[in-house]
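Chemist: Each chain is listed here by its residues.
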Amino acid sequence: MKLSKILKNGFLIVVACLALSACATSKKSTGQMQGDVYTGTDTVEYLASGVPDRVFFATNESVLTTASRETLRKQAAWLRKNSKITIVLEGHADERGTREYNLALGERRANAAKDYLMTYGISSDRISVLSYGKERPVDSGSNPLAWSKNRRSVTVKAN
Amino acid sequence: MKNFLITLIIILIPVKSFGLIEVDITRGNLNPLPIAVSPLSIDEESRKNFENILKKKNIGSEISSIVENNLKVSGLFNPLNKDAFLQEPAIANLKPRFEDWNLIKAQALITGKVSNVEEKLRVEFRLWDVLAGKEMMALAFTTVPNNWRRVGHIITDKVYERLTGEKGYFDTRIIYVAEEGPKTQRVKKLAIMDQDGANNKFLTLGNELVLTPRFNPTSQMVTYLSYFRNLPRVYLLDIETGTQEVVGDFPGMTFAPRFSPDGKKIIMSFAKDGNSEIYTMDLENRIVEKITNHPSIDTSPSYSPDGKFISFNSDRSGYQQIYVMKSDGSNVKRISFGKGIYGTPVWSPRGDLIAFTKLHKGKFYIGVMRTDGSGERLLTENFYQEAPSWSPNGRVLIFYRETKTDSKGKGFSAKLWSIDLTGYNERQVPTPTDGSDPSWSSLLSN
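Sequence order for the protein chains is A and B. The numbering used here puts the first sequence at residues 1 to 159. The numbering used here puts the second sequence at residues 160 to 605.
Hints were generated in silico from the structure; no laboratory data involved. We put the beta carbon where it would ideally sit given N, CA and C, even for glycine. Fair warning: there could be bad hints in the mix.
What follows is a list of derived Cβ distance ranges for each label pair [unchecked claim]:
no., chain 1, residue 1, chain 2, residue 2, range
1, B, E448, A, S124, 49 to 59 Å
2, B, E404, A, A77, 12 to 22 Å
3, B, L390, A, P144, 30 to 40 Å
4, B, D242, A, P144, 23 to 33 Å
5, A, P144, B, A243, 29 to 39 Å
6, A, E61, B, K522, 20 to 30 Å
7, B, G510, A, A58, 35 to 45 Å
8, A, P144, B, G534, 16 to 26 Å
9, B, K522, A, A58, 19 to 29 Å
10, A, A58, B, G534, 51 to 61 Å
11, B, D465, A, G31, 39 to 49 Å
12, B, V447, A, K84, 51 to 61 Å
13, A, A58, B, E339, 31 to 41 Å
Below, computed lysine-lysine pairings styled on DSS-like, alpha-carbon distance capped at 27 Å [unchecked claim]:
no., chain 1, residue 1, chain 2, residue 2
14, B, K241, B, K216
15, B, K431, A, K74
16, A, K157, A, K84
17, B, K216, A, K84
18, A, K157, B, K431
A short, non-exhaustive set of chain A residues, derived as facing chain B with CB atoms under 10 Å [claimed, not checked]:
no., residue
19, M33
20, D36
21, A110
22, N111
23, T119
24, D125
25, R126
26, L130
27, Y132
28, P137
29, V138
30, S140
31, S142
32, K157
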């Protein structure tokens, strides 16, 4: 818990620096996105030390990126070590889509994460899936960076 | 609700329509018809009596104001300022002095009378063609006093129908999602109100997330999505009794519900293992049928008014597009081929058009196309808007619009808007809180 706070604060400072230097040169918010997939950590929380709780997606996509797969492997290792823990995978979409389609897309994203965890030995009995569509954004901004943070699947401890 | 109107005695005096005024609603009306709505006259005893019951000083003028507001909001009429009226309401209702009304450029005139008959509200009204100097329509009906707002809506429906040749949409209600709180933690409740925003009532408390309520076209039932106990499921709600039940026994999320035109089935999506398919459930025998079968996202289904076809959106081509199929799931055809992505198809109650949401180059549009996909017409463009729902006469669409937040993520709002099929007369629909996901009821009285 503490570590995550420290990491968060540390990151805020980095972001501030980035923002300043970005303003000096151009208006692009680079450094936190690859393509349109979020690569930063300022919304990320940790299930355990070094185990991030969420993965991010490209617009309209449910394909797991290399970074996402790495995160999910860490989650799988943590789940194998803590075999009593059950989880909910909460799938989300950004605000730039119709409500009903986004519900389906959130479900598809959470299932992409579920499938990957299962290939790393986590039983489907321990995983439930819940789509929020675009109903629970973490960032209320109306810009590409905010949207990239909101396209996510978050692993939440259920017990 | 229908029983509320105790009696609707129609004394329709048939008048040959020829030569009389007509309003063309098929094009954007840039010259709304000047109409004078003379306050309904009321005798002093009835006035006092209704003041006691309804706490309204003059129920006759109150009803006239409702008519006036409806006519104005329709965009087809221009109700004239009452200060210019020369004739007393009671006298005008007997025999208008057409020269006086002509003088203030009124082309049509509504007059009428309210009285208290055995504790009931009795209303009669007349529609006059000022230029021709003729009565076009006369109607009278009796109802319980509490229905006074509906009386105004019914009068408007009759006037609208007489002058445009099409059914009105004023004695109707809107069910929608009332929203409050920060964008990241919106509290959402089901709410219902009259078409003009009056009589707003919340139907849920906001303890769980609720989305996409839709009216049964044949009764006062509503289907919607609720996250009760964190299980997103389609529910059925009787808005008169307040009873609720889950629709079907699905092992996962059900969403995007709508009724069939006969009100006997619910069509919806069921998501499982990353795949959303369309299902129907018969409300009488509870038989569930799977309609689509494709590994893509198939959702937002909507029946044609004859029940023979279903439109829906699917991303089977790579992006969300609109498809039409027979109601048994056969003959699936893509109909949207324009640039951009397309969603939320809804079949017009007239059967000839499908309204949709379109996203193209970062802008959202509400538009209509014919049911084969031809004749696409975009009605309105905005930062974000979606989910059109048709007025029962198929002339107006209601939808919701969300604002772009500022650089600090502040300034978010969601509001209901309406626009005529012509692309004119775009208006915000008043709601006490923010609102989204509107659904328009059928006419309450027919």
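Chemist: Does each hint hold? Answer for all of them.
Modeler: Here's how the hints hold up against the structure:
1. B:E448 <-> A:S124: 49 to 59 Å: 27 Å, violated
2. B:E404 <-> A:A77: 12 to 22 Å: 43 Å, violated
3. B:L390 <-> A:P144: 30 to 40 Å: At roughly 33 Å between Cβ atoms, A:P144 and B:L390 fall inside 30 to 40 Å, so the hint holds.
4. B:D242 <-> A:P144: 23 to 33 Å: Violated, since B:D242 and A:P144 (Cβ atoms, about 54 Å apart) do not stay within the stated range.
5. A:P144 <-> B:A243: 29 to 39 Å: 55 Å, violated
6. A:E61 <-> B:K522: 20 to 30 Å: 21 Å, holds
7. B:G510 <-> A:A58: 35 to 45 Å: With a Cβ separation near 39 Å, B:G510 and A:A58 satisfy 35 to 45 Å, so the hint holds.
8. A:P144 <-> B:G534: 16 to 26 Å: 34 Å, violated
9. B:K522 <-> A:A58: 19 to 29 Å: With a Cβ separation near 21 Å, B:K522 and A:A58 satisfy 19 to 29 Å, so the hint holds.
10. A:A58 <-> B:G534: 51 to 61 Å: 34 Å, violated
11. B:D465 <-> A:G31: 39 to 49 Å: Because 56 Å falls outside the window, the suggested range is violated.
12. B:V447 <-> A:K84: 51 to 61 Å: Roughly 36 Å apart at Cβ, these two residues miss the hinted range, so it is violated.
13. A:A58 <-> B:E339: 31 to 41 Å: 32 Å, holds
14. B:K241 <-> B:K216: 18 Å, holds
15. B:K431 <-> A:K74: 25 Å, holds
16. A:K157 <-> A:K84: 11 Å, holds
17. B:K216 <-> A:K84: Given pair B:K216, A:K84 is violated - Cα atoms ~69 Å apart, limit 27 Å.
18. A:K157 <-> B:K431: At roughly 21 Å apart (the allowed maximum being 27 Å), B:K431 and A:K157 satisfy the hint.
19. M33: 17 Å, violated
20. D36: 13 Å, violated
21. A110: 8 Å, holds
22. N111: 3 Å, holds
23. T119: Violated - the Cβ of A:T119 stays beyond 10 Å from chain B, reaching only about 14 Å at its closest.
24. D125: 13 Å, violated
25. R126: Since chain B brings no Cβ nearer than about 16 Å to A:R126, farther than 10 Å, the hint is violated.
26. L130: 6 Å, holds
27. Y132: 8 Å, holds
28. P137: Holds: closest Cβ of chain B sits about 6 Å from A:P137, inside 10 Å.
29. V138: 6 Å, holds
30. S140: 4 Å, holds
31. S142: 4 Å, holds
32. K157: 14 Å, violated
Hint check: violations occur at hints 1, 2, 4, 5, 8, 10, 11, 12, 17, 19, 20, 23, 24, 25, 32; the rest are consistent with the structure.
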